[in-house]
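Q: Dock chain B against the given chain A, drawing on the hints supplied.
For the record, the sequence lines run as chains A and B.
Quick note on numbering: the numbering used here labels position 272 of the first sequence as 330, and the sequence is numbered without any gaps.
Quick note on numbering: the numbering used here labels position 319 of the second sequence as 377, and the sequence is numbered without any gaps.
Simulated from the structure, these hints should not be mistaken for laboratory data.
Check before you lean on any hint, since a few could be wrong.
Where chains are identical, the list cannot tell them apart; a pair therefore holds if satisfied intra-copy or between any two copies.
Claimed, not checked - Think about it this way: if two alpha-carbon atoms lie no more than 27 Å apart in a straight line, the pair counts; the simulated DSSO-like pairs of lysine-lysine are: (1) Lys-292 with Lys-172; (2) Lys-82 with Lys-145; (3) Lys-360 with Lys-300; (4) Lys-300 with Lys-234; (5) Lys-145 with Lys-234; (6) Lys-172 with Lys-300; (7) Lys-145 with Lys-360; (8) Lys-82 with Lys-360; (9) Lys-172 with Lys-360.
2 protein chains.
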Amino acid sequence: MNSPLRSVSAFCAPTAGAALGPVKIERRPVGPRDVLIEIDYCGVCHSDLHMARNDWGMSLFPMVPGHEIIGRVVSTGAEVTDLAAGKRVGVGCLVDSCRQCEACDDHLEQYCVKGFTLTYSSPTRDPGGLTFGGYSKQIVVDRNYVVTVPETLDPAGAAPLLCAGITTWSPLAHWKIGPGMTVGVIGLGGLGHMGVKFAHALGARVVMITTSPQKGEDARKLGADDVLISSDAKAMAGFAGKFDFLLNTIPVPHDFNAYMGLLKRDATMCIVGAIGPAAALNTAPLVMGRRNIAGSLIGGIKETQEMLDFAGLNNITADVEVIDVAAINDAYGRMQRSDVKYRFVIDLATLD
Amino acid sequence: MNSPLRSVSAFCAPTAGAALGPVKIERRPVGPRDVLIEIDYCGVCHSDLHMARNDWGMSLFPMVPGHEIIGRVVSTGAEVTDLAAGKRVGVGCLVDSCRQCEACDDHLEQYCVKGFTLTYSSPTRDPGGLTFGGYSKQIVVDRNYVVTVPETLDPAGAAPLLCAGITTWSPLAHWKIGPGMTVGVIGLGGLGHMGVKFAHALGARVVMITTSPQKGEDARKLGADDVLISSDAKAMAGFAGKFDFLLNTIPVPHDFNAYMGLLKRDATMCIVGAIGPAAALNTAPLVMGRRNIAGSLIGGIKETQEMLDFAGLNNITADVEVIDVAAINDAYGRMQRSDVKYRFVIDLATLD
Numbered sequence: 059m060n061s062p063l064r065s066v067s068a069f070c071a072p073t074a075g076a077a078l079g080p081v082k083i084e085r086r087p088v089g090p091r092d093v094l095i096e097i098d099y100c101g102v103c104h105s106d107l108h109m110a111r112n113d114w115g116m117s118l119f120p121m122v123p124g125h126e127i128i129g130r131v132v133s134t135g136a137e138v139t140d141l142a143a144g145k146r147v148g149v150g151c152l153v154d155s156c157r158q159c160e161a162c163d164d165h166l167e168q169y170c171v172k173g174f175t176l177t178y179s180s181p182t183r184d185p186g187g188l189t190f191g192g193y194s195k196q197i198v199v200d201r202n203y204v205v206t207v208p209e210t211l212d213p214a215g216a217a218p219l220l221c222a223g224i225t226t227w228s229p230l231a232h233w234k235i236g237p238g239m240t241v242g243v244i245g246l247g248g249l250g251h252m253g254v255k256f257a258h259a260l261g262a263r264v265v266m267i268t269t270s271p272q273k274g275e276d277a278r279k280l281g282a283d284d285v286l287i288s289s290d291a292k293a294m295a296g297f298a299g300k301f302d303f304l305l306n307t308i309p310v311p312h313d314f315n316a317y318m319g320l321l322k323r324d325a326t327m328c329i330v331g332a333i334g335p336a337a338a339l340n341t342a343p344l345v346m347g348r349r350n351i352a353g354s355l356i357g358g359i360k361e362t363q364e365m366l367d368f369a370g371l372n373n374i375t376a377d378v379e380v381i382d383v384a385a386i387n388d389a390y391g392r393m394q395r396s397d398v399k400y401r402f403v404i405d406l407a408t409l410d
Numbered sequence: 059m060n061s062p063l064r065s066v067s068a069f070c071a072p073t074a075g076a077a078l079g080p081v082k083i084e085r086r087p088v089g090p091r092d093v094l095i096e097i098d099y100c101g102v103c104h105s106d107l108h109m110a111r112n113d114w115g116m117s118l119f120p121m122v123p124g125h126e127i128i129g130r131v132v133s134t135g136a137e138v139t140d141l142a143a144g145k146r147v148g149v150g151c152l153v154d155s156c157r158q159c160e161a162c163d164d165h166l167e168q169y170c171v172k173g174f175t176l177t178y179s180s181p182t183r184d185p186g187g188l189t190f191g192g193y194s195k196q197i198v199v200d201r202n203y204v205v206t207v208p209e210t211l212d213p214a215g216a217a218p219l220l221c222a223g224i225t226t227w228s229p230l231a232h233w234k235i236g237p238g239m240t241v242g243v244i245g246l247g248g249l250g251h252m253g254v255k256f257a258h259a260l261g262a263r264v265v266m267i268t269t270s271p272q273k274g275e276d277a278r279k280l281g282a283d284d285v286l287i288s289s290d291a292k293a294m295a296g297f298a299g300k301f302d303f304l305l306n307t308i309p310v311p312h313d314f315n316a317y318m319g320l321l322k323r324d325a326t327m328c329i330v331g332a333i334g335p336a337a338a339l340n341t342a343p344l345v346m347g348r349r350n351i352a353g354s355l356i357g358g359i360k361e362t363q364e365m366l367d368f369a370g371l372n373n374i375t376a377d378v379e380v381i382d383v384a385a386i387n388d389a390y391g392r393m394q395r396s397d398v399k400y401r402f403v404i405d406l407a408t409l410d
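Okay, chain A solo, but in the shape it has when bound:
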């Protein structure tokens, strides 16, 4: 028999805003193209908190959050020939897409024109189904949406690569960041600290842009070459026109006009944190320097694999605080207070 028991222990938000607690869920049977994964670690993304509270009005309950999943293959369906039992694998923010649109053809499933299937709290493409995420002992995922994780990486630290990592890697890769370029990373949190690590490893000169001198010093330890305190008008003027790329990881609406003058002609500020209504845009810095504002959403499966391979070669993981699953509600509280450096990761061995 290929599959063990289908009843799986998980941690669940029963309703919006309720405390999470243990439940048993029924996982789907392992289909011919599926992979059954025993989960070792799951990162705690800030979006988990928003989803559990239904801040975006799109949550479905009961909800098992978690889309930064690291585990090992237990078994696979008959058509999966390239993943043996025991292999270390990962699952990120998406577990399915239409597989037919131009975005899917381009390996950019995150922009699937029919909408991708979220790893949790999402209707499955088979009507009636609901996805459950990584705060769980096991998950079943189509092979096409499973990535392999280098054995050399610390698995707890690797978990956040599946969301925070790829969210910062994808724009850095798309805009071809490399040696000779100066990259500003705006904001130092779960996303920002990965942006600093990746931009540094890609060979760019990295400048941490923050209001907090302490965060600036922290960023230097992560690989930043310089720090720009954004509330210091004189310092900002000194960096005017110096940046080839700005990765804006600030997670809340903010005035981004002040940053635009930091860009060189034709350069781009990419927003990966604050999604939704923002401050009024002043078009003058765009027009006067042919500058660009863009956005970027997580990443496709192919580029997620490329990111993990790069992370393996360069020994890049997130800085994490590993917690017992029972501590998740406290962790949410600390995340709201930005009291984490830089990501909580649940050790699923603590889930019975």
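A: Okay, now just chain B, sitting in the frame of chain A:
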């Protein structure tokens, strides 16, 4: 003697908001790299109106407006060997730049990091000087900032190519618009009508995006293949994700978020009309499709020449209403009411 009399008839705004009237100005002597031009036609740009009223707080008086200049070479300095007397030439929005920065090296003098010298109402790089524009019988300009104009083009219709033309050409060329692409031109005025003509001539499918069905029909006559009425939510939804590029020529602050969903993944909306504070930006369409908002400013001298050569080959000029110089104050009034299709051009033969 190489140069005729240095006293030149012009039309001048003596102070901010005052009516323009005739004056005599003293042009500079023709230096070794200069070209003396007898002006035949000068387009009336909407910015002339703003500058004459000092709307932007940067105007210097007395002011002779005009930066869409078509004329013929009268004489040249000794070092100018490639422009014979009688040659049809043009002068656009800029008559000098630092010539040393990266932008100048890249033939993009409009982004000169030290600031380019405006054709009128601008301090010259020699301290104490003030530039006077094309509402005048003559102008002296450094050869490097003079372009040649195909003899086959109607000279009055060619005048607006020097600002409205290059302002729309430059982004279309930079973003490599061509066959197989769908381009939306937002707004139909001096800029928009040139955008339609150029995008069509470059081989793109052109969609006029406007609130006015009448402007839509007008745009079809200029080369638009289709019309999208932006106040029609159903029509807008039908064009969602269809555009490779949007050229936004609306001249006033407006909500541009509604247009962003029209773009394909990775596509750009470029703002060329509204410079300054705009509406609040919603980042969701940027993040969800890796879409871009950019701006673009007029164009460099090299690309202005390329645009004119292309216009000559394709017989592209602006649709203009030729006026006597004495009608300029009335023309400003009509421009404020958007009562012009699509550009006033002054016939300088009417200036004594």
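Q: If a hint holds in the structure, say so; if it does not, say that too.
A: Here is what the structure says about each hint:
| no. | hint | in the structure |
| --- | --- | --- |
| 1 | Lys-292 with Lys-172 | between (47 Å within a copy, 19 Å between copies) |
| 2 | Lys-82 with Lys-145 | within (25 Å within a copy, 86 Å between copies) |
| 3 | Lys-360 with Lys-300 | between (32 Å within a copy, 25 Å between copies) |
| 4 | Lys-300 with Lys-234 | both (17 Å within a copy, 26 Å between copies) |
| 5 | Lys-145 with Lys-234 | neither (31 Å within a copy, 46 Å between copies) |
| 6 | Lys-172 with Lys-300 | between (39 Å within a copy, 15 Å between copies) |
| 7 | Lys-145 with Lys-360 | within (18 Å within a copy, 58 Å between copies) |
| 8 | Lys-82 with Lys-360 | neither (33 Å within a copy, 69 Å between copies) |
| 9 | Lys-172 with Lys-360 | within (19 Å within a copy, 44 Å between copies) |
Checked against the numbered hints listed earlier, the structure breaks hints 5, 8; every other hint is satisfied.
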